[in-house]
Amino acid sequence: MEAPRKSLLKLKKKQIAIKVKGYRPTKDSEPYFQEYKIPLKPDMVVLDALNYIKDNIDGSLTYRWSCRMGVCGSCGSNVNGKPKLTCETFIDDVGDNLTVEPMARFPIIKDLVVDIDSFMTKLKDVKPWIINETEKPIEKGENLQTPEQVDLYKQQSMCINCMLCYSACPVVGTEDDFIGPAALALSYRYNMDSRDQGEKERLKITSSEEGVYGCSWIGECTSVCPKNVDPAIAIQKLKLTGSLQTIKELLLPKFVK
Amino acid sequence: MSKEFKPYVEKNNNFWWLTNRRYFTYAMREISGLVMSLYVLISIYEISQLTSGSSSFIDFRLLAASPLMFMFSVIALAFTLLHTITWFELTGKIQKDQVPKISGKSPPIFALVIVNMLILFAASYLIYFLFW
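So the protein lines, in turn, are chains A and B.
Read in the numbering used here, the first sequence has 168 at position 168, and its numbers run on one by one without any break.
Read in the numbering used here, the second sequence has 94 at position 94, and its numbers run on one by one without any break.
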């Protein structure tokens, strides 16, 4: 049998207070904190606490969630100031003084629900799908890849579009048009895929003013990613590829490009 | 009466760069550009004084030896080291997938950073040897 979590044993608490940021778009001029007291259960995650509040205390509390297992990426919030998936953040790990806020750097629609339209547009802009100049007929068989070819993009392909990296990125907060970490990492993921031929098309977007050069190598996007994607390094690699492409275009004759 | 539906846009906290170690390092790296630019301007002034005759250069040396200038030089050195170390750390991470694999494995980032640093020192010594 698995040993109980050490910190829970230390807590010996039956109830905890949780502060949740609320905002009613047609009533409030700015968000406010509301405190709730909830019974603490072993291995309780922040999402369990929010669900308890919604079911038992305040039915109007609004937040997104779906899979409860860190896969769908819809339950992102700032927990004690840090971007986290609430479904995999144990209350034990974040302590007693728990505050839950909407993800930073996104407009708040209601309570913990933010407007993700800008992200959806940016994501579509980088064309995160396989682009082929000519379609391969089905009778010619599968597009096989070696494990080494998969390794080149596997890490970046784990992105679940939870947007925690956007919440962590200060550039997103100051440059509205900056494409941002997740979309750029996905762009890199498809560039590195041996089945794809869309690199030049994507580089035009990722090397534009809104693209990779807005990133100043802060690295917080990578540190908050719940799926161990590394957008920071993907962006730097896109800078290298983009710069080499620009040099090629400037120096080499057209038929070589 | 209810107000018009409007999403709330939170204002940026001016001290956001103090809220996290990575944000702070980033802010310091950005500031390092300013400090290094100032140091370069002082170096250009030093060269101009050197070409203006020995008395001007002696005056500059006296100024450079003042506690204030010494403190500035130490701060500039600290910022330059921060910029250099973080830059080489980044190049190592990018080079990892670009360099040939050894026995099927990519070389460790740390080894790449050390090699880059050694190349920097060798290049700096070569410049010193050729032009000093």
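Don't read these hints as lab results, they were simulated from the structure.
Where a beta carbon is used, it is the ideal one built from N, C-alpha and C, also for glycine.
Worth double-checking, as some hints may not be accurate.
Stated by the list, open to error - Computed cross-link-like contacts, DSSO-like style, restricted to lysine-lysine with a CA-CA straight-line distance of at most 30 Å: (1) A/154 <-> B/101; (2) A/239 <-> B/6; (3) A/82 <-> A/14; (4) B/93 <-> A/200; (5) B/6 <-> A/27; (6) B/93 <-> A/204; (7) A/127 <-> B/93; (8) A/248 <-> B/6; (9) A/227 <-> B/3; (10) A/54 <-> A/13; (11) A/227 <-> B/105; (12) B/11 <-> A/124.
Unchecked claim - Label-pair restraints from in silico Cβ distances: (13) B/41 <-> A/60: 55 to 63 Å; (14) A/67 <-> B/19: 25 to 33 Å; (15) B/110 <-> A/140: 25 to 33 Å.
Status of the hints after comparison with the structure:
no. : hint                        : result
1   : A/154 <-> B/101             : 18 Å, holds
2   : A/239 <-> B/6               : 37 Å, violated
3   : A/82 <-> A/14               : 25 Å, holds
4   : B/93 <-> A/200              : 23 Å, holds
5   : B/6 <-> A/27                : 10 Å, holds
6   : B/93 <-> A/204              : 24 Å, holds
7   : A/127 <-> B/93              : 26 Å, holds
8   : A/248 <-> B/6               : 47 Å, violated
9   : A/227 <-> B/3               : 40 Å, violated
10  : A/54 <-> A/13               : 22 Å, holds
11  : A/227 <-> B/105             : 23 Å, holds
12  : B/11 <-> A/124              : 27 Å, holds
13  : B/41 <-> A/60: 55 to 63 Å   : 60 Å, holds
14  : A/67 <-> B/19: 25 to 33 Å   : 30 Å, holds
15  : B/110 <-> A/140: 25 to 33 Å : 45 Å, violated
Violated hints, in rising order: 2, 8, 9, 15; the structure is consistent with all others.
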